[in-house]
Amino acid sequence: MEPALDLLRVENIEVVYNDVVLVLKGLSLTVREGRITALLGANGAGKSTTLKAISGLLAGENGEVTDGSILYGDGSIHRQPPERTVRQGVFQVMEGRRVFEDLTVEENLRCGAFTRPTAEFAERLDRVYGYFPRLAERKAQLAGYMSGGEQQMLAIGRALMARPRLLLLDEPSLGLAPMLVEEIFSIIRTINEQEGVTILLVEQNARAALSIAEYGYIMENGRIVMDGEAAALLNNPDVQEFYLGMGHGGEKRSYRDVKHYRRRKRWLG
Amino acid sequence: MEFYLQLFISGLVIGSIYSLVALGFVIIYKATKVVNFAQGEMLMAGAYVCFALTVQAGLPFIASFLLTLAFSVLLGLCIERLILRPMIGEPIISVIMVTIGLSSVLKAVVQFFWGTDIRVYPEVLPTEPVMVAGVPVAPVYVAAFLLSLLLFAAFTLFFKYSRYGIAMRATAFDQQAAQSMGIGIKNIFALSWCIAAVVSSIGGVILGNINGINIQLGQLGLKVFPAVILGGLDSLLGAAIGGLAIGVLENVCGGLAKDLLGLGGFREVSAFIFLVLILMVKPYGLFGTRHIERV
Chain F
34 MEPALDLLRV ENIEVVYNDV VLVLKGLSLT VREGRITALL GANGAGKSTT LKAISGLLAG
94 ENGEVTDGSI LYGDGSIHRQ PPERTVRQGV FQVMEGRRVF EDLTVEENLR CGAFTRPTAE
154 FAERLDRVYG YFPRLAERKA QLAGYMSGGE QQMLAIGRAL MARPRLLLLD EPSLGLAPML
214 VEEIFSIIRT INEQEGVTIL LVEQNARAAL SIAEYGYIME NGRIVMDGEA AALLNNPDVQ
274 EFYLGMGHGG EKRSYRDVKH YRRRKRWLG
Chain X
192 MEFYLQLFIS GLVIGSIYSL VALGFVIIYK ATKVVNFAQG EMLMAGAYVC FALTVQAGLP
252 FIASFLLTLA FSVLLGLCIE RLILRPMIGE PIISVIMVTI GLSSVLKAVV QFFWGTDIRV
312 YPEVLPTEPV MVAGVPVAPV YVAAFLLSLL LFAAFTLFFK YSRYGIAMRA TAFDQQAAQS
372 MGIGIKNIFA LSWCIAAVVS SIGGVILGNI NGINIQLGQL GLKVFPAVIL GGLDSLLGAA
432 IGGLAIGVLE NVCGGLAKDL LGLGGFREVS AFIFLVLILM VKPYGLFGTR HIERV
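So the protein lines, in turn, are chains F and X.
So the first sequence is numbered by the working numbering: it starts at 34 and just counts up by one.
So the second sequence is numbered by the working numbering: it starts at 192 and just counts up by one.
If you're looking for bench data, these hints aren't it; they were derived computationally from the structure.
Quick caveat: nothing in here was measured; it's all calculated off a predicted structure.
Check before you lean on any hint, since a few could be wrong.
Said to hold, decoys possible - Only some residues are given here: those of chain X computed to face chain F with a beta carbon under 10 Å:
| no. | residue |
| --- | --- |
| 1 | Arg276 |
| 2 | Gly280 |
| 3 | Thr290 |
| 4 | Ile291 |
| 5 | Pro330 |
| 6 | Phe349 |
| 7 | Lys351 |
| 8 | Ile357 |
| 9 | Ala361 |
| 10 | Asp365 |
| 11 | Gln366 |
| 12 | Gln367 |
| 13 | Ala368 |
| 14 | Ala369 |
| 15 | Gly373 |
| 16 | Gly375 |
Stated by the list, open to error - Under 10 Å between C-beta atoms, here's a sample of chain X residues computed to sit facing chain F:
| no. | residue |
| --- | --- |
| 17 | Leu293 |
| 18 | Tyr355 |
| 19 | Ala358 |
| 20 | Ala363 |
| 21 | Ser371 |
| 22 | Ile374 |
| 23 | Asn378 |
We put the CB at the ideal spot given by N, CA and C, even for glycine.
Chain F on its own, in the form it takes in the complex (with noise of 0.2 Å):
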């Protein structure tokens, strides 16, 4: 069952942004195909910034990635530009959702259909709005004028017109309520089982992206700090703590544990 190809690796990446700030500090993963694997990890930890060395979008914000490689299926997507990577199929859906305002819902579906032949158009669009079926009702509306709920099942079907293999999904929970949260996290995990596409899933919600995922990795200050299946991170203390919000038992917390924590912290790192 468990499919052997490494779809994607990152290695020993190091990303510098205008020339001066190290960000990512020799960063590996690796992606197997058709599985849904989680990035995990504080703000400001480098999720966003691993997740635009692997699709190129780093170039537009003076980033740049200085050492290591990122090997995509038989070849490597280092330094090129981001339009070949997205040909290649590998889709990044950005965080904030971004979806273009001043276009309607089915303008932002062509966009993202933007590399894919004509052909196509109407069956992946059929299929888009057989997810969404929200979006359907709204294709000729502006997509400013969405919620953000429906904004962020624009952007993942977005995606999903450009037929990725490898979809690089950037906090599709923020700023969502937790229903809403539920419902995308169920759709997501939906797509990977039926479109077959392997997913990159960067997220702060710990609990719903590894309630999804078969496999996690936790990052902190632009390093991998741990990883392993999702289940065994689930039951590890030390992520129960950190990420998940529990205490051993339920004690209170005191000061001293959470120099514990922070002791703790810069031993995992």
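Using the hints provided, position chain X relative to the given structure of chain F.
Below, chain X alone, put in the same frame as chain F:
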């Protein structure tokens, strides 16, 4: 009254040329956020190239018109590739200064090849006037107006339905997100400069057929500012309507000022008086984007 009707009609025709130039301006502004001060000079370059091909090389008008379009595509590509692309990431004011420099260079090159005299196109259309709303109008005016309308219709469809048209609008809204769709934004930039050069040079050729051309033609680029500010800097419909409105307003106001006050030359400044008034009353223009805010 017939005098004003005539002013109105010739205003529409001049206005339709403003609209074309404004269209080019708006496309560049939308896609790249560059304010292109060389728009008028791009028009002039097209007009002179078409003149050279028709008169100096003796080609039939249609052939030289098509060649002029091809030349404009090349001109747009070269400007984008050689001048604008190295400026990506530089402060916007530097980029604007570069387009001002570009306008001087284009003017100098045209002067170098063709001097400063007025040059006249051969008659392409019959000179016998046709009657429009009871007023005699030269066929070249009618053709100019129809051609502009046709171009606007074509571009409206292009931006609404074509893959690249939609991609251009997407890029205008959010460049990085457009990149994440696999849209090569450098191609989009190049495409916008091409379209801008083509529509301006069509405007130039039309003007050449109406009035003849001289080195002052580039000044027309300045008239684009009242037009686009009236219409909204980033609206195609605004460019069309703004151009027409400014053309008509300046003609009619010029006529009124002459009749009532005995002021000559008011026509030239009236457009800029409107510019100031519009900015005071409606700074986004009639159709400009106000950002959608979700609360």
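Here is what the structure says about each hint:
1. Arg276: Violated, because the Cβ-Cβ distance from Arg276 of chain X to chain F comes to roughly 14 Å (cut-off 10 Å).
2. Gly280: Since chain F brings a Cβ to about 8 Å from Gly280 of chain X, closer than 10 Å, the hint holds.
3. Thr290: Where the cut-off is 10 Å and the nearest Cβ of chain F is about 23 Å from Thr290 of chain X, the hint is violated.
4. Ile291: Since the shortest Cβ distance to chain F is 27 Å, the answer is violated.
5. Pro330: violated (40 Å)
6. Phe349: violated (13 Å)
7. Lys351: holds (8 Å)
8. Ile357: Result: holds, 5 Å to nearest chain F Cβ.
9. Ala361: With a closest approach of 5 Å, the Ala361 of chain X hint holds.
10. Asp365: holds (6 Å)
11. Gln366: holds (7 Å)
12. Gln367: With Cβ-Cβ at 5 Å, under 10 Å, it holds.
13. Ala368: holds (4 Å)
14. Ala369: Hint on Ala369 of chain X: holds, closest Cβ of chain F at ~7 Å, below 10 Å.
15. Gly373: Nearest chain F Cβ about 3 Å off; hint holds.
16. Gly375: Gly375 of chain X check passes; min Cβ-Cβ to chain F is 4 Å, inside 10 Å.
17. Leu293: violated (25 Å)
18. Tyr355: Since the shortest Cβ distance to chain F is 9 Å, the answer is holds.
19. Ala358: Holds: closest Cβ of chain F sits about 6 Å from Ala358 of chain X, inside 10 Å.
20. Ala363: holds (8 Å)
21. Ser371: Ser371 of chain X check passes; min Cβ-Cβ to chain F is 5 Å, inside 10 Å.
22. Ile374: holds (5 Å)
23. Asn378: Because about 8 Å separates Asn378 of chain X from the closest Cβ in chain F, which is inside the 10 Å limit, the hint holds.
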